[in-house]
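**Student:** Chain residues, written in single-letter form:
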Amino acid sequence: MLKAIFGSEKKGKILLYIYLNGESYPTEIARAFDYYLNTVQNHLLNLERGGILYSKLKGNVRLFGLNPRYPFKKELFSILKKALEFIPKEEMEKCYIARLRPRRTGKPL
Amino acid sequence: MHIKGLSLKDLAITISDYLAKNGIETILTGGACVVIYTDNKYMSYDLDFVLISSDDQKKVKELLIRVGFYEENRYFKHKDTECFLDFLSPPPSVGAEPIKEIREIKKGNRKCRLLSPTDCVKDRLAAFYYWNDRQSLEQAVLVCKDNNVDLNEVERWSKKERMNIKFREFLEALSE
Chain A
16 MLKAIFGSEK
26 KGKILLYIYL
36 NGESYPTEIA
46 RAFDYYLNTV
56 QNHLLNLERG
66 GILYSKLKGN
76 VRLFGLNPRY
86 PFKKELFSIL
96 KKALEFIPKE
106 EMEKCYIARL
116 RPRRTGKPL
Chain B
1030 MHIKGLSLKD
1040 LAITISDYLA
1050 KNGIETILTG
1060 GACVVIYTDN
1070 KYMSYDLDFV
1080 LISSDDQKKV
1090 KELLIRVGFY
1100 EENRYFKHKD
1110 TECFLDFLSP
1120 PPSVGAEPIK
1130 EIREIKKGNR
1140 KCRLLSPTDC
1150 VKDRLAAFYY
1160 WNDRQSLEQA
1170 VLVCKDNNVD
1180 LNEVERWSKK
1190 ERMNIKFREF
1200 LEALSE
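Protein sequences, first through last, are from chains A and B.
Using our numbering, read the first sequence as starting at 16 and increasing by one per residue.
Using our numbering, read the second sequence as starting at 1030 and increasing by one per residue.
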């Protein structure tokens, strides 16, 4: 579904993940989809180079988000929003929804 | 290519002209435009060029390496300058809009294309609007004070970006 537009299914899923979660980092995305970390990092860096993503350091972690200054952001958001409708519910729950609630240090997951 | 001792403005002209003579069109954007439009009231070591064609990335690298630059992460550095070069993907834009007017600065028969003062202000304000970067707000104000900036155009653009409240904050900073 996403390959035709983004040139790679993985790239499309990474964008969808970030669209849904606001910001994310390579390890989190790699874990969510069971992708190699290098694959995710390369896609993220290419998307950043293209101006689609921004990145910033928070502590030792590099966070990536959709660049609000990207000239086609409105159109990109529309495509991503539409694409979400086609993600099966199980896949959505398994892969796309990161835990947002705080969790006390040391408490088992 | 002689790099040592060049000001940021002269380095921008040197690089831009060298690339143009090798068939690569660029537009200077970002903090370097602020340095140029405020006559060094603000200091930056970044030279951000937007490429007109994304096919040029590889050729840019080859051309810069040929004159002594080396790539570190995604930036280009040179032993004779503290400045570093970055080449951004097209299209040249400010927020959701294409750049409307391109200016030129010249030294002898060499030239560099860059944002107009009005687009430079929009570019800085975009950083203030989206990243809440106060330094960018100050830069926008500096450019307005030293140049003829079309504030009606900046207001129209800000409204289109849905940043009316922050535009008012910019106007307040400008009147201080």
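Simulated from the structure, these hints should not be mistaken for lab results.
Keep in mind the model is a prediction, meaning the values are calculated, not measured.
Some hints could be false.
Said to hold, decoys possible - Derived Cβ-Cβ restraints for the label pairs, each shown as a range:
| # | chain 1 | residue 1 | chain 2 | residue 2 | range |
| --- | --- | --- | --- | --- | --- |
| 1 | B | Pro1127 | A | Lys104 | 33 to 43 Å |
| 2 | B | Gln1086 | A | Leu72 | 35 to 45 Å |
| 3 | B | Lys1090 | A | Gly22 | 15 to 25 Å |
| 4 | A | Tyr51 | B | Asn1177 | 47 to 57 Å |
| 5 | A | Ser70 | B | Ser1036 | 46 to 56 Å |
| 6 | B | Ile1081 | A | Arg77 | 47 to 57 Å |
| 7 | B | Leu1203 | A | Lys73 | 26 to 36 Å |
| 8 | B | Tyr1099 | A | Ile112 | 53 to 63 Å |
| 9 | A | Gly121 | B | Ser1036 | 54 to 64 Å |
| 10 | A | Lys104 | B | Asn1177 | 52 to 62 Å |
Cβ coordinates follow ideal geometry from the N, Cα and C atoms, glycine included.
**Student:** Which of the numbered hints above does this structure break?
**Tutor:** 2, 5, 6, 8
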